[in-house]
Amino acid sequence: DARVTQTPRHKVTEMGQEVTMRCQPILGHNTVFWYRQTMMQGLELLAYFRNRAPLDDSGMPKDRFSAEMPDATLATLKIQPSEPRDSAVYFCASGLVRTGAETQYFGPGTRLLVL
Amino acid sequence: ELKVEQNPLFLSMQEGKNYTIYCNYSTTSDRLYWYRQDPGKSLESLFVLLSNGAVKQEGRLMASLDTKARLSTLHITAAVHDLSATYFCAGGEGGSQGNLIFGKGTKLSVKP
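Chains as they are written, first to last, in the numbering used here: chain A, 1 to 115; chain B, 1 to 112.
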């Protein structure tokens, strides 16, 4: 049963520290999405990649967030330095996108708390 | 820019009753998705609706799409407690990029 995996599942850190979240998309999927979920803002698209190339990262605060896909099996989202307002659940999703109408499959999320 | 609005945001139902969740979107969208999220869990895909008049059903849930009205509905028939969750609709922005814009979600609570 193919699934998107994310690590860590939970992270508590102090303000100013670097946070790295990792995602392993489903094998064969060509598109990876990063979302952030908070009570106030709901689900926000931060960035996404197609065949490892960044397509759009306009949803991401550029000064502190960065997203990369060093290979087809790993996507990373980094926050440096972290701030309390970054506390949220970060989801990675992947899909095999050809027409744009395909389903996105979500990972379990990384629950981040910045103190 | 596509905007997606759901209503209601909170819904408390009794078991056995029927209800509908509404999802309006602001501009042309060529696809509409419904997802379910249980508390503390990830999102699970329920339905993908790709054309005007599309209707899909799974168990007690039925989703439909009216592209002319820019409206999708998720109808719940004879609700049971296991359907308690948050339901999200999401619209796809134009083109084939695959990115989605999510509504705020409808938190459904089904009580005995």
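Read the hints as simulated data drawn from the structure, not as lab findings.
Don't be surprised by glycine CBs; every beta carbon is placed ideally from N, CA and C.
Fair warning: there could be bad hints in the mix.
As the list claims (entries may be wrong) - Think about it this way: if two alpha-carbon atoms lie no more than 27 Å apart in a straight line, the pair counts; the simulated BS3-like pairs of lysine-lysine are: (1) B:K68 with B:K104; (2) A:K11 with B:K3; (3) B:K41 with B:K111; (4) A:K78 with B:K107; (5) A:K11 with B:K68; (6) A:K62 with B:K68; (7) B:K3 with B:K107; (8) B:K3 with B:K111; (9) B:K111 with A:K11; (10) B:K68 with B:K3; (11) A:K78 with B:K104; (12) B:K107 with A:K62.
Stated by the list, open to error - What follows is a list of derived Cβ distance ranges for each label pair: (13) A:A53 with B:N52: 40 to 48 Å; (14) B:V55 with A:E18: 31 to 39 Å; (15) A:P84 with B:H81: 17 to 25 Å; (16) B:Q57 with A:E83: 39 to 47 Å; (17) A:M40 with B:P8: 14 to 22 Å; (18) A:Q41 with B:K41: 17 to 25 Å; (19) A:K78 with B:L9: 40 to 48 Å.
Here is how each hint holds up against the structure:
1. B:K68 with B:K104: Holds: K68 (chain B) and K104 (chain B) sit about 22 Å apart, inside 27 Å.
2. A:K11 with B:K3: 31 Å, violated
3. B:K41 with B:K111: 21 Å, holds
4. A:K78 with B:K107: Violated, because 31 Å separates the two Cα atoms, which is more than 27 Å.
5. A:K11 with B:K68: Violated, at roughly 45 Å.
6. A:K62 with B:K68: Measuring from Cα to Cα gives roughly 37 Å; hence the hint is violated.
7. B:K3 with B:K107: Distance of about 19 Å is within 27 Å: holds.
8. B:K3 with B:K111: 31 Å, violated
9. B:K111 with A:K11: Since the Cα atoms of K111 (chain B) and K11 (chain A) sit roughly 34 Å apart, the hinted pair is violated (cutoff 27 Å).
10. B:K68 with B:K3: 16 Å, holds
11. A:K78 with B:K104: 25 Å, holds
12. B:K107 with A:K62: Roughly 32 Å between the alpha carbons, so the hint for K107 (chain B) and K62 (chain A) is violated.
13. A:A53 with B:N52: 40 to 48 Å: About 33 Å separates the Cβ atoms of A53 (chain A) and N52 (chain B), which means 40 to 48 Å is violated.
14. B:V55 with A:E18: 31 to 39 Å: Given a distance of about 48 Å, which is not inside 31 to 39 Å, the answer is violated.
15. A:P84 with B:H81: 17 to 25 Å: Taking Cβ atoms as reference, P84 (chain A) and H81 (chain B) lie about 36 Å apart, which means the hint is violated.
16. B:Q57 with A:E83: 39 to 47 Å: Once the Cβ atoms are compared, 45 Å apart, the range 39 to 47 Å for E83 (chain A) and Q57 (chain B) holds.
17. A:M40 with B:P8: 14 to 22 Å: 18 Å, holds
18. A:Q41 with B:K41: 17 to 25 Å: 19 Å, holds
19. A:K78 with B:L9: 40 to 48 Å: 33 Å, violated
Hint compliance for this structure: hints 2, 4, 5, 6, 8, 9, 12, 13, 14, 15 and 19 are broken, all remaining hints hold.
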